[in-house]
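**Student:** Could you put together the complete structure from these sequences and hints?
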Amino acid sequence: MTTLLPDAAERVRHLEHALFEGFARWGYREIIPPTFEYLDVLSAGLPADILEKCYKVADWTTGRILVLRPDVTAQIAKIVAMGMAGRQLPLRLSYRSTVFRYEPEHAGREREVFQLGVELIGADDASMDAEILTLLIESLKAVGLSNFKISLGHVGFYQALLAQSGLSEQGRKQAEFAAAHKDLPKLERILKTERVSPRQARPILEAPGRYGREEVLQWGRTVAGRNARLLTPIERLTKVYALLDAAGVQEHLLLDLGEFRGFDYYDGVVFDVFSANVGCELGGGGRYNHLIGQFGQDLPSTGFALDIDRVFLAFGRGVEQWASDTPSVLVAAPDSHFGQAFQTSRSLRSHGLVVCQETVPRWDATRLRRMRARLRASGASWVVMVGVPSVSSREAVVMAKKARAPRTVRIQDLPPLILKGTHAHV
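Residue numbers for the sequence shown follow our numbering, beginning at 68 and rising by one.
Everything labelled a hint here was simulated from the structure, so no lab data went into it.
A few of these clues could be false.
Unchecked claim - The calculated DSBU-like cross-link candidates involving lysine-lysine, where the alpha carbons are at most 30 Å apart (straight line), are:
#	residue 1	residue 2
1	K240	K208
2	K253	K240
3	K240	K123
**Tutor:** Below is the structure:
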């Protein structure tokens, strides 16, 4: 569970704000889910392997078991089913939440993950799948991340391949896991153990390696033949890809017929987003048409979540762009002029400036000379000295970090002076 120190925290918050602002412009409204859920309620929408990774505590009042939020999508599914299902559809919801999952230390994964995400609930057509994907692409591009690819597939195609092979339920689960991790030797062992015929095993083994552009869809159609269970996901994926191509975002797409998400509730178009600077996915999502039905009536839905820390890392050296460029000011005064210093600080803050206020014992020649060193040590860009002897109560002595010498200015003139960066003339 990571601690973010002030510089990193500031940059992460700037990035978070920029992404969330973009979601709002697409019509997605924020929802804030609770940190704890009752295990017996939430378990209806979560697979067993995720439930095993939950942090659990007892509710002292009821004796029931509570879990720290392990997944936001399942929470929102529960919230919608139990209180929002009667609203005008589709629902466009966004969130920024921390999820908690136990991971072994050697797994290289965080146990506390800060996510930003969106859910589009109540519509099942290719254009809604395309909306979620274009929102993801445009959001990442809007914050300056251009070097990324989205692996796009449909879980229904591979699940249909496995279903027609005669694999047992356990064998299908193992095969899905192996395919998702592109572990072909393990996948081959599973098929041999379950005595899947070579003819049926061939497309199962080939699909995880089928990634690219239109040629992937053509291969899928050839394998499907007249099998409706195989053709339906290929046709849906073809429609979504055509819409994304029309939107002009195909450069970020990579079709992958072995694409899986790590949650059993996905049952349609799915995707992960990757960057060359990070060795794992930045996030992903997909369609889950039956998850809300675990808590009430089925509502077709899709969405995605981004791991904000991984997105932050994807910028590499470019992460410096997320440092605040707001000028910071140090206002210093003796106790005898605290009120005047406070009013000065309030005025500067009202103009959007970052202001720290400090007290000095008194102003004398030595103290004034030392303020340049104090300015450098504080990290501020400007220092404003209030209550200096022989200076009017309506004036202050001001100095920029790179200025040669301080000067006296009217306090009312401080905001435009600092905001315009006129220290070159000070």
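**Student:** All hints, please: hold or fail.
**Tutor:** The hints, checked one at a time:
1. Pair hint K240 plus K208 does not hold up; C-alpha atoms about 36 Å apart against a cutoff of 30 Å.
2. A threshold of 30 Å between alpha carbons decides the hint, and for K253 with K240 the separation of about 13 Å falls inside it, so the pair holds.
3. For the hint pairing K240 with K123, the CA-to-CA distance comes to about 26 Å; that is within 30 Å, so the pair holds.
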